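Can you build the whole structure from these sequences, using the hints too?
2 protein chains.
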Amino acid sequence: MTEKRRTAGQPDKRRAIVDGALALFARDGYTRASLDAIAAEAGVSNRTIYNHFADKADLFQTVIQDSTRRVADTMVATVDRHLGKVTDIESDLVDLGLAWLGVLTSELAPHFALVRQINAEADHIPPAALKTWLDTGPGRVRRELAGRLAELAERGELRVDDPARAAGHLMLLISADNLTDRTALHDPGERRAMVTAGVRAFLHGYRR
Amino acid sequence: MTEKRRTAGQPDKRRAIVDGALALFARDGYTRASLDAIAAEAGVSNRTIYNHFADKADLFQTVIQDSTRRVADTMVATVDRHLGKVTDIESDLVDLGLAWLGVLTSELAPHFALVRQINAEADHIPPAALKTWLDTGPGRVRRELAGRLAELAERGELRVDDPARAAGHLMLLISADNLTDRTALHDPGERRAMVTAGVRAFLHGYRR
DNA sequence: TAATTACTGCAACGATCGGTGTAATCCGGT
DNA sequence: ACCGGATTACACCGATCGTTGCAGTAATTA
Chain X
0 MTEKRRTAGQ PDKRRAIVDG ALALFARDGY TRASLDAIAA EAGVSNRTIY NHFADKADLF
60 QTVIQDSTRR VADTMVATVD RHLGKVTDIE SDLVDLGLAW LGVLTSELAP HFALVRQINA
120 EADHIPPAAL KTWLDTGPGR VRRELAGRLA ELAERGELRV DDPARAAGHL MLLISADNLT
180 DRTALHDPGE RRAMVTAGVR AFLHGYRR
Chain V
0 MTEKRRTAGQ PDKRRAIVDG ALALFARDGY TRASLDAIAA EAGVSNRTIY NHFADKADLF
60 QTVIQDSTRR VADTMVATVD RHLGKVTDIE SDLVDLGLAW LGVLTSELAP HFALVRQINA
120 EADHIPPAAL KTWLDTGPGR VRRELAGRLA ELAERGELRV DDPARAAGHL MLLISADNLT
180 DRTALHDPGE RRAMVTAGVR AFLHGYRR
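So the sequences go chain by chain: X and V.
Under numbering that gives the first Met the number 0, the letters of the first sequence match residues 0 to 207, in that order.
Under numbering that gives the first Met the number 0, the letters of the second sequence match residues 0 to 207, in that order.
Honestly, the hints are just simulated from the structure, not real lab data.
Any given hint might turn out to be false.
Identical copies look the same in the list; a pair holds intra-copy or inter-copy alike.
Said to hold, decoys possible - Okay, derived cross-link-like pairs now, SDA-like style, lysine to any residue, Cα gap no bigger than 25 Å in a straight line:
#, residue 1, residue 2
1, 84, 146
2, 55, 150
3, 130, 112
4, 55, 84
5, 130, 185
6, 55, 8
7, 130, 187
8, 55, 122
9, 130, 184
10, 84, 155
11, 130, 180
12, 12, 152
13, 12, 149
14, 55, 115
15, 12, 61
16, 12, 155
17, 55, 160
18, 55, 184
19, 130, 188
20, 130, 186
21, 130, 192
22, 12, 47
23, 130, 182
24, 130, 153
25, 12, 69
26, 84, 138
27, 130, 191
28, 12, 40
Keep in mind it's a predicted model, so treat the numbers as computed, not measured.
See below:
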């Protein structure tokens, strides 16, 4: 044996399958996305999919784990890049928010459609898999952001009782319109307005 | 003719169908929910569904419109009840938040699972239907809440540049954990903590 | 009473889909 | 040149599903 294999089949085929499956699962959902369509999207035979994965559910969970790890890596790096050294907290948070929205509309965009599928399909996903996704995906990003906010609190820049909750609030406020009018994400002016308003709300609130 | 009919069939059967379809569409999604299962849930013959609706898509859109109107009515009434006369803004907002979460976990809960299905299925829903849903559902509630916040701003209680955006922020902060750890919604202590933290963030922000 | 309407149960059709078996082919390693 | 695993195309099975047709029945109306 020349190379140790963690999984069956050729790695490039496996990658093509996972990528194609992500595109179709994200757009069509678990039930509507057929394995024939996924095979065609991946440029692979239907039969080959079963050489790499036990069944459709196995492929789905693999796609979730793979895409989640990639996006969480990017998100964590984005948080560290913008909150590693903070000079002006308001403008730095705005920059973080703009970078955040940049990820939402990047080539990683299908992942967030997949997240919507997960949220809709939660009752039909094994609880253990849901737990793993929550912990390695949004949970991990939130912990990273919470740590940065705690640092800023120790330096006296912020007043944060519960860093994890504050991180959740900031994530929501930065991409507020992502949950209602998603078309706003593609207009640069709207993006800036949404982020600045979110950051201002996060910092100052609406009292008085 | 003794009574004018806006739609075919007997009204009670129609109501049973729409209610059963809501339960199954919300839990299983559009594709997975079968018309046989919906008919069984409604205590109605499969064939009767086609007496009231053209096809599955027609039923789905009807369910969306029906459930959306009901929930929006409840939400608007909740907003008016808690923000009609405001004495202590912080405690009144907390009460609104608790009532808000009460709706999320009430017998109207299936609606919000349906909303998750809509968000996942958006690419497969006619844009006109999506627009109508957004306008008569969350949009309507947000406008109502924005009007109340604008009142409070005029009275000098709040500082609000964009009432619609502020309303969106408040809605997000009040039910922050609804988008990640939905199990927190069923623990009274967690609910109170989530709402109070959200309201405090909305009013005061995290600066200093 | 007669007629209209709605509901029901059942069968059936065509299509789609997940999954499997099989035989042929391709390709890297020895 | 040989071998073994990987890939492919194709056919197939059983199940599910949306939808329709049809005949019978109950209820409401003229």
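Structure-based check of each hint:
Taking the shortest Cα distances, residue 84 and residue 146 sit within 25 Å of each other inside one copy (13 Å), while across copies they are farther apart (40 Å). In the homo-oligomer, the alpha carbons of residue 55 and residue 150 never lie at most 25 Å apart, since the shortest distance is 44 Å inside one protomer and 53 Å across protomers. When the C-alpha separation of residue 130 and residue 112 is checked against a cutoff of 25 Å, the pair qualifies both within a copy, at 19 Å, and between copies, at 19 Å. For the identical chains of this complex, residue 55 and residue 84 are neighbours neither inside a copy (45 Å) nor across copies (55 Å), given an alpha-carbon limit of 25 Å.
Proximity of residue 130 and residue 185 under a CA criterion of 25 Å is satisfied inter-copy only: 18 Å between copies versus 31 Å inside one chain copy. Proximity of residue 55 to residue 8 under the C-alpha cut-off of 25 Å is restricted to the intra-copy arrangement: shortest distance 17 Å within a copy versus 41 Å between copies. Only between protomers do residue 130 and residue 187 lie at most 25 Å apart by alpha-carbon distance; the minimum there is 22 Å, versus 35 Å within a single protomer. Proximity of residue 55 and residue 122 under a CA criterion of 25 Å is satisfied in both settings, with 17 Å inside one chain copy and 22 Å between copies.
In the homo-oligomer, the alpha carbons of residue 130 and residue 184 lie at most 25 Å apart only across protomers (17 Å), although the nearest pairing inside one protomer, at 29 Å, exceeds that limit. For the identical chains of this complex, residue 84 and residue 155 are intra-copy neighbours only, at 14 Å inside a copy versus 37 Å across copies, given an alpha-carbon limit of 25 Å. In this assembly of identical chains, residue 130 and residue 180 lie within 25 Å of each other by CA distance solely across copies; the values are 10 Å between and 28 Å within a copy. Neither within a single protomer nor between protomers do residue 12 and residue 152 lie at most 25 Å apart by alpha-carbon distance, with minima of 48 Å and 59 Å respectively.
Taking the shortest alpha-carbon separations for residue 12 and residue 149, neither the intra-copy value of 43 Å nor the inter-copy value of 57 Å comes in at or below 25 Å. When the C-alpha separation of residue 55 and residue 115 is checked against a cutoff of 25 Å, the pair qualifies both within a copy, at 19 Å, and between copies, at 22 Å. Proximity of residue 12 to residue 61 under the C-alpha cut-off of 25 Å is restricted to the intra-copy arrangement: shortest distance 14 Å within a copy versus 43 Å between copies. With identical chains, the CA atoms of residue 12 and residue 155 are never at most 25 Å apart, being 52 Å at best within one copy and 63 Å at best between copies.
Taking CA atoms no more than 25 Å apart as the test, residue 55 paired with residue 160 passes in neither setting, with 44 Å inside one copy and 50 Å between copies. In this homomeric assembly, residue 55 and residue 184 never come within 25 Å of each other (Cα to Cα): the closest approach is 32 Å inside a single copy and 32 Å across copies. Proximity of residue 130 and residue 188 under a CA criterion of 25 Å is satisfied inter-copy only: 22 Å between copies versus 37 Å inside one chain copy. For a Cα distance limit of 25 Å, the shortest separation of residue 130 from residue 186 across copies, 18 Å, qualifies, whereas the shortest one inside one copy, 34 Å, does not.
Taking the shortest alpha-carbon separations for residue 130 and residue 192, only the inter-copy value of 22 Å comes in at or below 25 Å, while the best intra-copy value is 34 Å. Taking the shortest alpha-carbon separations for residue 12 and residue 47, only the intra-copy value of 8 Å comes in at or below 25 Å, while the best inter-copy value is 48 Å. Within a single copy, residue 130 and residue 182 get their C-alpha atoms only as close as 30 Å, which misses the 25 Å cut-off; across copies the closest is 12 Å, which meets it. Taking the shortest alpha-carbon separations for residue 130 and residue 153, neither the intra-copy value of 31 Å nor the inter-copy value of 45 Å comes in at or below 25 Å.
When the C-alpha separation of residue 12 and residue 69 is checked against a cutoff of 25 Å, the pair qualifies only within one copy, where the shortest distance is 18 Å, while the shortest distance between copies is 49 Å. For a Cα distance limit of 25 Å, the shortest separation of residue 84 from residue 138 inside one copy, 23 Å, qualifies, whereas the shortest one across copies, 39 Å, does not. For the identical chains of this complex, residue 130 and residue 191 are inter-copy neighbours only, at 24 Å across copies versus 34 Å inside a copy, given an alpha-carbon limit of 25 Å. In this assembly of identical chains, the alpha carbons of residue 12 and residue 40 lie at most 25 Å apart only when taken from the same copy (12 Å versus 43 Å across copies).
Of the hints listed earlier, those the structure fails to meet are numbers 2, 4, 12, 13, 16, 17, 18, 24, in rising order.
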